[in-house]
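Please model the entire structure based on the sequences and the hints provided.
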Amino acid sequence: MDRSTVSRQVNQLKGLHYVQSETAPEDRRGVRLCLTELGRERTLEALKEKESAFYASISQWDDATLTHFTEMLQNCNSYNWK
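All the letters of the sequence shown, read from the start, carry residue numbers 1 to 82 under full-length UniProt numbering.
Heads up, a few of these hints could be off.
Said to hold, decoys possible - Straight-line distance between alpha carbons at most 20 Å, and here's what the computed SDA-like set of lysine to any residue pairs gives:
1) Lys48 - Tyr18
2) Lys14 - Ala24
3) Lys14 - Glu45
4) Lys50 - Lys14
5) Lys14 - Val31
Claimed, not checked - Ranges of calculated distance between the beta carbons of each label pair, as one might list FRET restraints:
6) Arg3 - Thr36: 15 to 25 Å
7) Tyr79 - Ile58: 14 to 24 Å
8) Lys50 - Ser7: 24 to 34 Å
9) Gly15 - His68: 38 to 48 Å
10) Ser7 - Leu47: 40 to 50 Å
11) Ala64 - Arg3: 46 to 56 Å
12) Gly30 - Arg8: 24 to 34 Å
Treat the hints as calculated values from the structure; they're not laboratory data. Here a beta-carbon is modelled for each residue, glycine too, at the ideal position from N, C-alpha and C.
What follows is the structure in structure tokens.
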């Protein structure tokens, strides 16, 4: 992402009061972003929605499909991405 895209997205998050920014003490040119309480709440809500949708989706799978999916995830997690 280029700097202007990041800046625009950060400003949107700040406008929604999801994050706040502060100057980085170790390097005054940098900026730190922190989630606000509202940002934490919205993040948890979004994660719960994704989790619910995921479980609703896989709850329809038969045992063989679920086993295959689990094996594929294990293979992916153990892959050396170097």
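Index of numbered hints that the structure contradicts, given in increasing order: 4, 10, 12
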